[in-house]
Every structure is written in structure tokens, then in C-alpha cells.
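Colleague: Chain by chain, the residues:
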Amino acid sequence: MTVLVFEDVWKRYGDKVALSGVSFDVRRGEVFGLLGPNGAGKTTSIRVLMDIVRADSGRVTLFGEALRREHLNRLSYLPEERGLYTKQKVIDVMVYFGKLKGLGGVEARARARSWLERIGLSSTENQHIERLSKGMSQKVQLAATLLSEPELCVLDEPFSGLDPVNTALVRDLIAEIRASGRTTILSTHQMSMVETLCDRVALLSEGRLMVYGEVNEVRRRHSASELRVGVGGELPELAEVERVVAEKPGTYRLLLADGADPQRVLERLVAARVPVERWEKVLAPMEDIFIRVVKNGRGEA
Amino acid sequence: MIRWSKVRTVAWFELSSTVRRLGYLIVTLGMPVFAVLYGALALIPAYFAKQQEQATRVYGVVDQARVLGLAAGESESVRSAVFKSFADEAAARAELLEKRGIRSYFVVVPDYLESGRVLAHSAEGGSLGPWEGRDELNELLRTRLLGTRVEPKVAARLVKPIAGRETFRVAGDGQVLAEGSDAYIGRLILPIGFVFLLFTSILMSGSYLIQATATEKENKVVEVLLSSASADEIMTGKLLGLGGAGLLQVVVWLGMTLGVRFGFAELVMPFHVQVSWQAVAIAPVLFITAYAFLGSLMLGTGSFGGNVRESQQLGMFWAFLATLPMMFLPLLLADPHSLVAHVLTFIPFSAPATLVFRMSIDPAAISSWEIAGSISVLLLSTWAAVRIASRLFRVGLLLTGARPSLREIIRQARIAP
Numbered sequence: 009m010t011v012l013v014f015e016d017v018w019k020r021y022g023d024k025v026a027l028s029g030v031s032f033d034v035r036r037g038e039v040f041g042l043l044g045p046n047g048a049g050k051t052t053s054i055r056v057l058m059d060i061v062r063a064d065s066g067r068v069t070l071f072g073e074a075l076r077r078e079h080l081n082r083l084s085y086l087p088e089e090r091g092l093y094t095k096q097k098v099i100d101v102m103v104y105f106g107k108l109k110g111l112g113g114v115e116a117r118a119r120a121r122s123w124l125e126r127i128g129l130s131s132t133e134n135q136h137i138e139r140l141s142k143g144m145s146q147k148v149q150l151a152a153t154l155l156s157e158p159e160l161c162v163l164d165e166p167f168s169g170l171d172p173v174n175t176a177l178v179r180d181l182i183a184e185i186r187a188s189g190r191t192t193i194l195s196t197h198q199m200s201m202v203e204t205l206c207d208r209v210a211l212l213s214e215g216r217l218m219v220y221g222e223v224n225e226v227r228r229r230h231s232a233s234e235l236r237v238g239v240g241g242e243l244p245e246l247a248e249v250e251r252v253v254a255e256k257p258g259t260y261r262l263l264l265a266d267g268a269d270p271q272r273v274l275e276r277l278v279a280a281r282v283p284v285e286r287w288e289k290v291l292a293p294m295e296d297i298f299i300r301v302v303k304n305g306r307g308e309a
Numbered sequence: 248m249i250r251w252s253k254v255r256t257v258a259w260f261e262l263s264s265t266v267r268r269l270g271y272l273i274v275t276l277g278m279p280v281f282a283v284l285y286g287a288l289a290l291i292p293a294y295f296a297k298q299q300e301q302a303t304r305v306y307g308v309v310d311q312a313r314v315l316g317l318a319a320g321e322s323e324s325v326r327s328a329v330f331k332s333f334a335d336e337a338a339a340r341a342e343l344l345e346k347r348g349i350r351s352y353f354v355v356v357p358d359y360l361e362s363g364r365v366l367a368h369s370a371e372g373g374s375l376g377p378w379e380g381r382d383e384l385n386e387l388l389r390t391r392l393l394g395t396r397v398e399p400k401v402a403a404r405l406v407k408p409i410a411g412r413e414t415f416r417v418a419g420d421g422q423v424l425a426e427g428s429d430a431y432i433g434r435l436i437l438p439i440g441f442v443f444l445l446f447t448s449i450l451m452s453g454s455y456l457i458q459a460t461a462t463e464k465e466n467k468v469v470e471v472l473l474s475s476a477s478a479d480e481i482m483t484g485k486l487l488g489l490g491g492a493g494l495l496q497v498v499v500w501l502g503m504t505l506g507v508r509f510g511f512a513e514l515v516m517p518f519h520v521q522v523s524w525q526a527v528a529i530a531p532v533l534f535i536t537a538y539a540f541l542g543s544l545m546l547g548t549g550s551f552g553g554n555v556r557e558s559q560q561l562g563m564f565w566a567f568l569a570t571l572p573m574m575f576l577p578l579l580l581a582d583p584h585s586l587v588a589h590v591l592t593f594i595p596f597s598a599p600a601t602l603v604f605r606m607s608i609d610p611a612a613i614s615s616w617e618i619a620g621s622i623s624v625l626l627l628s629t630w631a632a633v634r635i636a637s638r639l640f641r642v643g644l645l646l647t648g649a650r651p652s653l654r655e656i657i658r659q660a661r662i663a664p
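So the protein sequences, as listed, match chains P and U.
Residue 9 is where the first sequence starts when you use my numbering, and the numbers rise one by one after that.
Residue 248 is where the second sequence starts when you use my numbering, and the numbers rise one by one after that.
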């Protein structure tokens, strides 16, 4: 079941086209990666979704209905460029954000305390934000975002500025959200996190949707040109292979020529009576796909 | 459609966080203390001047025209001034410089009756004006010139033609009502107080509004707010919350002023304050509408600033327009129902103050259609200002980097959610 549908969404600022007919959908309970280089249109997409800016054309459907302001209480947003009221107390800011999402004062306060305990910041409840470290502020903001237990949570670069311990904490929180059946849109430049956390991705570049689909499927689609083989003897000369990288004795990574069929490589090895112990397509890392797609400017979506 | 629960949340947050700020508390409670101290300091020279005025002052007079009828060495008192007669200038000079028995001396020249000339002499290096004591000398000359030439009663009136003043006001129904001679000032207290209150509130609240908005823009909190509430709701909440903070400040100041007024009535406000109840009834409506009108414009334009200072420069432009009626005050005082007054009644920036001004001075001469028309213009303008400002507010808040063209701002504002 889809919670969000973008259909042919366009948005421009002056002469700059921020979104150029972008279409994708996000399914309930998944972690959806919204990827792209800076200026690709990710923030604009999120702002359109959050009803902060309105699209010039196209359709945005949320929870099966056209986007309405009333939906905002069911969403929550952690922006990339974030900040808090530095002169205010931690608890007051969290309660304020909770109340803005429709929680009552008492409930917001109780939830804020519970979240502070969860992220290990109970002792900072009555401290002014300006006295917190950057990492602590980030955690407070993330907790304030999740306070209202939103059905759809949009996290823009939630890992930036966090140390490995806190990165792991945030990663676990996102996993928990998914486990509870709620949906997350994750925008990040950390491709390792995308591979670990995301079910599906949409990669934008210059306002256009370049890559879209399940993470493993996307990686498979972009991995046709690379094989990992384990053989019992010498590797014969193979016409389909452009370059061979020896990973360890008997294991090779084969970079295939354009248009070469990986199946044909296996056939040739068998024909050459080379004992084949391992034969697999190498899944391209998301980082490589990201760089290749953005550099070439050619997508597949 | 505005969701008032969101407005209430924003308003309460803005109000509670502002009134707890140390700077706010210092200004709110410290300003009246400062004003009282300043006033007390200003009263010190006034007190000594009054003491000096009541003390006996001795002047010399050399009557060469022989109109005063005083022999050398004789003295005559007029109120707190004493005029001591000298035979010649040398004797008066010696008294001034050597004995220092007189403050200055006057020479009534021989052809005084023809020329009216009197020569004033004061000591070199003295800080006194040579003509100190002139009023008393005038009175002495008038009294002595009239002498027995006219009846004593006529002479008294010639010396002081208006000795007592009583003031009456003829009401619209022809009834003659007695009032104090300072009643006119009393009638001006309400409108001037209203304009002062409005302007101060707008300045204080406007400053808080712009500061809070610019800080949110700098802090990047604004996107979180806009993802939870609409620009209209945030703006209205801010207007109410920070307006409340500004108003609370003014109420505290007003309370302290009234406390001083009742505590030191004769010293601070020696006249009777008269109010027009129509003006009093309408003033709160006008006050709130005018604040919403100007405050929203200030917020809308202030949101385009890149930082607090820039935002204040952009937003404060509107605050000066609120002082428009003060610029026309002499004209309004001269004729509260002139063409200028009629025009100002229908300009939204000047309507509130002008209306209260006119209703306070002469409530009978302002027609009900004019009151209704003025309020309608103000309400319509406020509605339009809030609508436009909330769109500008949203565009302005999200603006970073280079400022877009006016055309692009209008386009974005038109399609803003």
C-alpha cells in the first residue's frame, strides 16, 4: 500500500527548474531513500511533500488523498539545515514541537521525557539548547521529530555531524520505525546507510528522476558488467572480459566489455574445462551507481 | 482555514518565551524606574527655580523721569520683587558692585513718558539676564502712572485686565457646562495617549516579531514550523503572542504611570482628564485592528531580511507610517473636522489615531457613517494585509542566498500554499 505518490511533479524557481516531471511512490512501512547530489531537487521534493512550497504542476497524493494541510499532523520532518531555539530549554522546545503536531501539553511533555531518556539526554531536560554539544542538539532534534510518532517521517541527512556511536543510535531508531510499520523517507549522502537501511530508492539529478526501484534490484541492474569467479586452475583468456582483478588466489573480479553476456563467460570457462567453484554477479555499490549516474547525467527511470 | 489550536500553540510559545527573557524583564520593569529617576532629576532644577522665584529679589531703580514717586532710599514691593530707589546711577552702581545689595538696576530715563525707554544694568560676569524683574517693574510703572488719575477699580483693571478665569462648554443641546481652564488639555489626553500606546506597542511588538522571525530564519527552525502549521497560523500566532508581550509591557508602564499619577496627582497631572466615552469604547477595537494591520506588514516584509538587522530595517518602515497622525497633529488640533482630518480618517495607517482624536475632541461633529466607513476600511485593509503578508512571510522565510526579483517573489507568493 502506498502512502505517498508523486506524479509528474514540476517546480521551478525563476529560470531554474528544481523538479522536472518527477514521479515515484513510497510504500507503507518501508525506508525509502531519496538520493541525489546537492541541488538535485531532494529538498524541493520534501518541501512539496510537506506543503511548504506548492508544485507548479503535477499531483501529490498522501495517504490515498490529494495533499492537504490536515495531513501534516501525520508527518514529521527533520530538515537538513536544522536548528533549534538556542535560548530555550530542551524540554520546552520538544513540547512546543510536539504540540504543533497536535499533541496535548501533558502528553507532549511525557513523551519528550521518555525520548530524552531513550537518547540518553535526561539530564539535559532543563538545560538551554545553547549549552548542548552539536551532537546532543542533533539528537534532541531527531527526538522532537519522532515525538508525535508520525506515520511518515522525513529525515534529511540525519547522520551528518554524528559520531559513530550516535550514528549507530540513529540507524537503530530508523530500523525501529520500520519495524513498527511506519514509513521513513531518508535523504542522505551516506550510501553505506542506504544499502543497510533502505528498501527502495529514487535518485534525482538536476531535478530529474534518474534511478528508481528496490535497492538490490537497482544494484543488480547496474552490476551486469562485473563478475566474481572462483576457479580451481588458471584463468583462461576470455574475449568478453576487458580487465581482470585478482582478489586472492583463485578468486577474480572480471570487468566485462560493453554488451558482454555474463552467461557466456561461464560457458567459456566450462568449455575450457576450468573447475568453476564460484560464479556470481557483483552487486555494484550504491556509491558507484550514484557517481556514475550523476556524472553521465543518464538515468534509467 | 486557520486552525486556532496551532495559532494558540505558537502564540503561547512566543509570549511565554519572550516574557521570561532577561532583556524583556529589564526593559519592562527597568524603564519606568529609569523614567522616574529621570523625572526626579528633571524636577530638581525646577524645584530650585520655584524657590528662587518665591524668594525676595531686590532691584535698584533710578527714576530720572520722576514717575515712580519714590524718594532715594525708599522701596516698593511688587509680589516677590522689591524695587529700591537710588538718587543717581553712581549710588546704584556702588550698591550693585560693592555691597551686592541688589541683583540689577533699572534707569527710567528723563524722557520716559515720550520714549518709554528704560535701561537695564546687570553686573559683569553675572548669569542673570538684565531684564529679570521686568514684569514686576511694568506693573509698578503702570500702577504709579495711573496713580490717582483714574478710579482705583479702573486702575486695578488696567494693571491686570483679566484677574480670574472661568471656562464653560456649550453642549450640542445648548446646555452650558462649567469646566476647568485646562479641560482642553484633558480632552487631548485620550487621543495622545492612544497614539502613544499604539506606536509604542507597535514598536516594541514589531521589534520582538522581527527579531523572533529573523532568528528562526537564521536558526533554520522555520522549516520545522512550516511543516507543522501554515504561514497564516504561524504569523497570526506570532502577532498575538508577541503583540501580547508588547501590550503587557505597555500595560505595566501605564500602570506605573497611573500609580505615580494618583500618588503625586498635582505634581504630574495637574488638570482634570475628560474622556469621550464613544472614543473609549471604540479605541480597543481600533487598537487591535491597527496592530494586526501594521504588525502583519512588518512581519511580511521583515521576513525578507537576511539577518536580524536587515529584517528590522525592512520591517520598521511601516512603524513610521503609524506616526502619520502625529505629523498632522497641529492641523488636527486647529480643526479636527477639516478636509485633511476627513482624508486621514480613511487612510488605514492614520485612521485609528485620527478617529479617536476627532471623537475625543468633538464627538458630536463626526457622523456615524464616517466612523463605520473608517472602521470598514481599516478592517478590509487588515484582512488584505494579513493575506498578502502571510504569503510574503512564507516566501521570505524560505529565502536564502541571492534575493529574487520582485516578479519572482510575486509569482511564488501567488502559488504559495
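Heads up, a few of these hints could be off.
[Said to hold, decoys possible] With the Cβ distance kept under 7 Å, some of the chain P side facing chain U (calculated, not the full set): (1) Trp18; (2) Arg20; (3) Ile60; (4) Arg77; (5) Pro87; (6) Glu89; (7) Lys109; (8) Gly112; (9) Val114; (10) Tyr260.
[To be verified] Among chain U residues calculated to face chain P with C-beta under 7 Å, some are: (11) Gln458; (12) Lys467; (13) Val468; (14) Ala476; (15) Ser477; (16) Leu568; (17) Thr570.
No lab work stands behind these hints: they were computed from the structure.
None of the values given here were measured: they were computed from a predicted structure.
All C-beta atoms, glycine included, are put in the ideal place defined by N, C-alpha and C.
Colleague: Does each hint fit the structure? Answer for all of them.
Modeller: Here is how each hint holds up against the structure:
1. Trp18: Check failed: Cβ of Trp18 (chain P) comes no nearer than 12 Å to chain U, outside 7 Å.
2. Arg20: Constraint on Arg20 (chain P) not satisfied, violated at 10 Å.
3. Ile60: Because about 5 Å separates Ile60 (chain P) from the closest Cβ in chain U, which is inside the 7 Å limit, the hint holds.
4. Arg77: The hint holds - Arg77 (chain P) has a Cβ within 7 Å of chain U, the shortest such distance being about 6 Å.
5. Pro87: holds, 4 Å
6. Glu89: holds, 4 Å
7. Lys109: This interface hint holds because 6 Å falls under the 7 Å limit.
8. Gly112: violated, 10 Å
9. Val114: violated, 14 Å
10. Tyr260: violated, 50 Å
11. Gln458: Cβ of Gln458 (chain U) sits 11 Å from chain P, so the hint is violated.
12. Lys467: holds, 4 Å
13. Val468: For Val468 (chain U), the interface hint holds, since the closest Cβ of chain P sits about 5 Å away, which is under 7 Å.
14. Ala476: Where the cut-off is 7 Å and the nearest Cβ of chain P is about 6 Å from Ala476 (chain U), the hint holds.
15. Ser477: holds, 6 Å
16. Leu568: violated, 31 Å
17. Thr570: violated, 31 Å
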